[in-house]
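Chains as they are written, first to last, in my numbering: chain A, 1 to 371; chain B, 372 to 777.
Worth flagging that the hints you see were computed from the coordinates, not collected in a lab. Quantities reported herein were computed from a predicted structural model and do not represent experimental measurements. One or more of the hints may lead you astray.
Per label pair, the in silico range of CB-to-CB distance [claimed, not checked]:
1. S192/A <-> M584/B: 46 to 56 Å
2. E336/A <-> R407/B: 49 to 59 Å
3. K51/A <-> L475/B: 32 to 42 Å
4. H104/A <-> R407/B: 15 to 25 Å
5. S64/A <-> L475/B: 39 to 49 Å
6. L704/B <-> E293/A: 37 to 47 Å
7. M584/B <-> E336/A: 33 to 43 Å
8. L704/B <-> P5/A: 39 to 49 Å
9. E85/A <-> L704/B: 17 to 27 Å
10. M584/B <-> R305/A: 49 to 59 Å
11. R636/B <-> H46/A: 26 to 36 Å
12. T438/B <-> E85/A: 49 to 59 Å
13. E85/A <-> R637/B: 18 to 28 Å
14. K51/A <-> Q763/B: 21 to 31 Å
Sample of chain A residues lacking proximity to chain B, with all beta carbon distances greater than 10 Å (derived) [claimed, not checked]:
15. R39
16. R262
17. R289
18. D359
If you want a taste of the chain A side facing chain B, the calculated C-beta under 7 Å gives, among others [what the hints assert, rightly or not]:
19. C25
20. N26
21. V31
22. D36
23. R40
24. R88
25. F89
26. L90
27. N91
28. E107
Where a beta carbon is used, it is the ideal one built from N, C-alpha and C, also for glycine.
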Amino acid sequence: MSLMPFASSRPLSLGVELELQLLSCNDYNLVSSAPDVLRRIAKREHPGEIKPEMTRSMIEINTSVQQEYGGLIEELHALRDVVSEAGRFLNVAIAGGGTHPFQHWSEQKIFDAPRFHYLSELYGYLAKQFTIFGQHVHIGCPGPDEALHLMHMLSRYIPHFIALSASSPFVQGHDTGFASARLNSVFSFPLSGRAPFVLRWEDFERFFSKMTATGVVESMKDFYWDIRPKPEFGTIEVRVCDTPLTVEVAAAIACYIQAMSRYIMVEQRTPPEEDDYLVYTFNRFQACRFGLEGVFIDPRTHEQRSIREDITDMLARIVDHARELHAVEAMERVREILIAGNGTSWLRKTYAREHNLGDVMQLQAELWMGS
Amino acid sequence: MTWSDYLPAWPLEISPALWLALTLVVAVLVGEAFMRHLKLPRIVGYIGVGLLLGPGGLGLLPQLPATEWRLVIDLALGILLFELGSKVNLRWLKANRWIAGTSLLEATATFAAVFSLLIWFGVDGATATVVATIMIVTSPAIVVRTITESRAQGQVTDRLLLMTALNCIYAVVFHKLAVAAMHGAAGTSFIHTALQPLYLIGGSALLAWLFGMTFERIHHYLGHHEETFSFILFGMIAFATILASILKLSPILVLLAAGLITRYRRQRPRTFPPHFGSAGAVLVVLMFIANGLAADLSGLRHSFLLVLLLISVRAMAKVLAVLSLAHQSGLSLRQGVALGVALMPMSSVALLLTLETGMAFPAFGSGPGLALMSCIVILELLGPILVQVALQRAGEMPENKPENKS
Numbered sequence: 001m002s003l004m005p006f007a008s009s010r011p012l013s014l015g016v017e018l019e020l021q022l023l024s025c026n027d028y029n030l031v032s033s034a035p036d037v038l039r040r041i042a043k044r045e046h047p048g049e050i051k052p053e054m055t056r057s058m059i060e061i062n063t064s065v066q067q068e069y070g071g072l073i074e075e076l077h078a079l080r081d082v083v084s085e086a087g088r089f090l091n092v093a094i095a096g097g098g099t100h101p102f103q104h105w106s107e108q109k110i111f112d113a114p115r116f117h118y119l120s121e122l123y124g125y126l127a128k129q130f131t132i133f134g135q136h137v138h139i140g141c142p143g144p145d146e147a148l149h150l151m152h153m154l155s156r157y158i159p160h161f162i163a164l165s166a167s168s169p170f171v172q173g174h175d176t177g178f179a180s181a182r183l184n185s186v187f188s189f190p191l192s193g194r195a196p197f198v199l200r201w202e203d204f205e206r207f208f209s210k211m212t213a214t215g216v217v218e219s220m221k222d223f224y225w226d227i228r229p230k231p232e233f234g235t236i237e238v239r240v241c242d243t244p245l246t247v248e249v250a251a252a253i254a255c256y257i258q259a260m261s262r263y264i265m266v267e268q269r270t271p272p273e274e275d276d277y278l279v280y281t282f283n284r285f286q287a288c289r290f291g292l293e294g295v296f297i298d299p300r301t302h303e304q305r306s307i308r309e310d311i312t313d314m315l316a317r318i319v320d321h322a323r324e325l326h327a328v329e330a331m332e333r334v335r336e337i338l339i340a341g342n343g344t345s346w347l348r349k350t351y352a353r354e355h356n357l358g359d360v361m362q363l364q365a366e367l368w369m370g371s
Numbered sequence: 372m373t374w375s376d377y378l379p380a381w382p383l384e385i386s387p388a389l390w391l392a393l394t395l396v397v398a399v400l401v402g403e404a405f406m407r408h409l410k411l412p413r414i415v416g417y418i419g420v421g422l423l424l425g426p427g428g429l430g431l432l433p434q435l436p437a438t439e440w441r442l443v444i445d446l447a448l449g450i451l452l453f454e455l456g457s458k459v460n461l462r463w464l465k466a467n468r469w470i471a472g473t474s475l476l477e478a479t480a481t482f483a484a485v486f487s488l489l490i491w492f493g494v495d496g497a498t499a500t501v502v503a504t505i506m507i508v509t510s511p512a513i514v515v516r517t518i519t520e521s522r523a524q525g526q527v528t529d530r531l532l533l534m535t536a537l538n539c540i541y542a543v544v545f546h547k548l549a550v551a552a553m554h555g556a557a558g559t560s561f562i563h564t565a566l567q568p569l570y571l572i573g574g575s576a577l578l579a580w581l582f583g584m585t586f587e588r589i590h591h592y593l594g595h596h597e598e599t600f601s602f603i604l605f606g607m608i609a610f611a612t613i614l615a616s617i618l619k620l621s622p623i624l625v626l627l628a629a630g631l632i633t634r635y636r637r638q639r640p641r642t643f644p645p646h647f648g649s650a651g652a653v654l655v656v657l658m659f660i661a662n663g664l665a666a667d668l669s670g671l672r673h674s675f676l677l678v679l680l681l682i683s684v685r686a687m688a689k690v691l692a693v694l695s696l697a698h699q700s701g702l703s704l705r706q707g708v709a710l711g712v713a714l715m716p717m718s719s720v721a722l723l724l725t726l727e728t729g730m731a732f733p734a735f736g737s738g739p740g741l742a743l744m745s746c747i748v749i750l751e752l753l754g755p756i757l758v759q760v761a762l763q764r765a766g767e768m769p770e771n772k773p774e775n776k777s
């Protein structure tokens, strides 16, 4: 099977996918209510898409193709309201966050669809452990080579996205010490990590057909890369973010990626190099483990600083691009995260106050549902 | 010194408590065997053993002193009712009015169906009213116990808990009113006819409210140590149950309302160990054995057809009522059937109401009361199985084997 041709999309258009947790209002554990929620939503008019996910305690909301922050946040609000209304109607709370703090993976039930059953059989307990919740951001690219270029350039800044969105410190009832423990679950998949260093689409197609010939993969969906091209949309898809605790933060991070992409496309003409990836896993680990306090090593200058400092620096560099994209408000929100902390620090603070993960989860759901 | 100073006298004087302890061991073993080999809920075994060994069956167990048993039943039921109340989120009724509608329709339909059937069988109006109100109730004991044991979770489970709590309240309140009406018909003066249910319902509500307030104070003071807290709660439940019976209030209403009030006021759910620890769990098992012991199937001999019809019309009323509003309330057809079926069980609450009526009106106990007793026994044995199958079909049981835990 060969790769489908790279569709054309408007450069710098963007789309957001958010995986959400469904919780029982009785104990704020995950509840397998996706079929009920989706049945309820099927009757409602709403923008974008609302879809099932691997296990029945999650759903995914997708925005349509957007151009800028204003439209994006409006649509995310609309999607949030539809989903929250359905949740209240069914005594199901809905929350953001990258992991559920005390769910037990073996209690999760696989959503009844052929692909999910196939994956569940292939990956075994990994599939159920994959009950984690991420934000995916699509950025439109003018062509396939531009997409590969953008993908490799953005790879350097993966720690920014991880640290800003991090909201999964708790797993199976304990504080893992990680800012984003969710990504540790992703890394256990055989095809996770980064895309191969190829800069031309023909080379990428060649790589892809060699991989399919080995029988290891069938489609792009089988790669669990941190960033991957999505030929049918004509986009690249950044997949490292935890689902933030609010849609506002989700929109802000998406627009931060968008503004950075514009900076890369328009201003920063230095080509990516294979050696940029020498520090890749180190930087990514620092972001997962320590969040904004993590160490960031610049792949070119080898200079070390905190991820927070590097984001501050980046915000200054992309300020004109953000203005061009009407994303000034989004950049303000990113700056707020640098000062007030990400989702993980909110969760830790709340837990220190409440002493009970069930109560934390309830407050987290109230925050997301906007009630 | 003689033999008799240190050897027991012959024949041995065996206290009823010894038999009781032995029965507990046997019942738990049988319950376990039911679960492992037949995949049936354990409580079927508990009730079955009581029924088999008790006066209604082989008669191996002597009649046990009623007051002691009554205390066990009251305490265990108090625990289960408080547990039920504290699992129910009343705010849900505001967000989804169709559930409130379903509950009212289900209770009204059950009442109407049973009442008309009894009238058709020539039972007088007042008696028919009492029986029909009792048949509204779904057994909180069986529902809570089966859900705890199976760790079921989902729409049908949540609604089953909510609707059970509600129909229990309707049944107790209307039963008091119906009994008052019977007293009125029997010539009691109006003032007592009217004041008795008023005292009972108002007093129970007040006691429940006080319980809720105290609960919150203690919880605030003790903080988050859940084990200590569940001990205290156990004591509070026992205290409230006994106080309610001393004051001639309804322990059922008090404990259920107390659970609902604490959950409603706290807004945050709290998870406690099942039945608030192992002492509570033992009481619950004893209660089911006692229900089996008290089982009386003699009504079947005279009114087999009536019993069969009572069970059938009640089942039809509940299933059809739930189904008719399933779509609007956000349930699929399958879930609607499951919820309707899961509302079938009858047990302790119905039993206590029947016994109470029988004590006030001996004619009731020997007439329609007997048929009602048979219904209760049958639905007590079948109930747990129906709930289990319904929740399984609705896909709300854990997929891995439930016997590993709970």
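Hint by hint, here is what the structure shows:
For S192/A and M584/B, the Cβ-Cβ distance of about 54 Å falls inside the hinted range of 46 to 56 Å, so the restraint holds. A C-beta distance of roughly 57 Å is found between E336/A and R407/B, which places it inside the suggested range of 49 to 59 Å. Distance hint for K51/A and L475/B: a CB-CB separation of about 36 Å, consistent with the stated range 32 to 42 Å. Roughly 23 Å separates the CB atoms of H104/A and R407/B, a value that falls within the hinted 15 to 25 Å.
Hint check: S64/A to L475/B, Cβ distance near 42 Å, so the stated range 39 to 49 Å holds. Distance hint for L704/B and E293/A: a CB-CB separation of about 53 Å, inconsistent with the stated range 37 to 47 Å. Checked against the hint of 33 to 43 Å, the pair M584/B and E336/A passes, with Cβ atoms roughly 41 Å apart. A hinted range of 39 to 49 Å holds for the C-beta pair L704/B and P5/A, which are about 44 Å apart.
The hinted range of 17 to 27 Å is satisfied by E85/A and L704/B, whose Cβ atoms lie roughly 23 Å apart. With their beta carbons about 56 Å apart, M584/B and R305/A fall inside the hinted range of 49 to 59 Å. Take R636/B and H46/A: their Cβ atoms lie about 35 Å apart, and the range 26 to 36 Å holds. Look at T438/B against E85/A: about 53 Å separates their beta carbons, and that is inside 49 to 59 Å.
At about 24 Å, the CB distance of E85/A to R637/B agrees with the hint of 18 to 28 Å. Roughly 27 Å separates the CB atoms of K51/A and Q763/B, a value that falls within the hinted 21 to 31 Å. At roughly 7 Å, the least C-beta separation between R39/A and chain B is not larger than 10 Å, which violates its mark as non-interface. With a closest Cβ-Cβ approach of about 43 Å to chain B, R262/A is found to remain outside the 10 Å limit, as its non-interface label requires.
At roughly 29 Å, the least C-beta separation between R289/A and chain B is larger than 10 Å, which holds for a residue marked as non-interface. For D359/A, the shortest C-beta to C-beta distance to chain B comes to about 5 Å, within the 10 Å cut-off, and the non-interface label is violated. The beta carbon of C25/A is positioned within 7 Å of a beta carbon in chain B (closest approach about 5 Å), and the interface hint is therefore held. With a least beta-carbon distance of about 5 Å to chain B, the hint placing N26/A at the interface is held under the 7 Å criterion.
Hint status for V31/A: holds, given a least beta-carbon distance of 6 Å to chain B, under 7 Å. The interface hint given for D36/A holds, since its Cβ lies 5 Å from the closest Cβ of chain B, which is under the 7 Å cut-off. A distance limit of 7 Å between C-beta atoms decides the matter here; for R40/A the minimum to chain B is near 5 Å, and the interface restraint holds. Below 7 Å, beta-carbon pairs count as interface contacts, and R88/A has one with chain B at about 4 Å; its hint therefore holds.
This hint holds: F89/A has a C-beta 5 Å from the nearest C-beta of chain B, less than the 7 Å allowed. With its C-beta approaching chain B no nearer than about 6 Å, L90/A sits inside the 7 Å limit, and its interface hint holds. Interface hint status for N91/A: upheld, as the beta-carbon distance to the closest one in chain B is roughly 5 Å, under 7 Å. A distance limit of 7 Å between C-beta atoms decides the matter here; for E107/A the minimum to chain B is near 6 Å, and the interface restraint holds.
The structure fails to meet hints 6, 15 and 18 from the earlier list, while all remaining hints are met.
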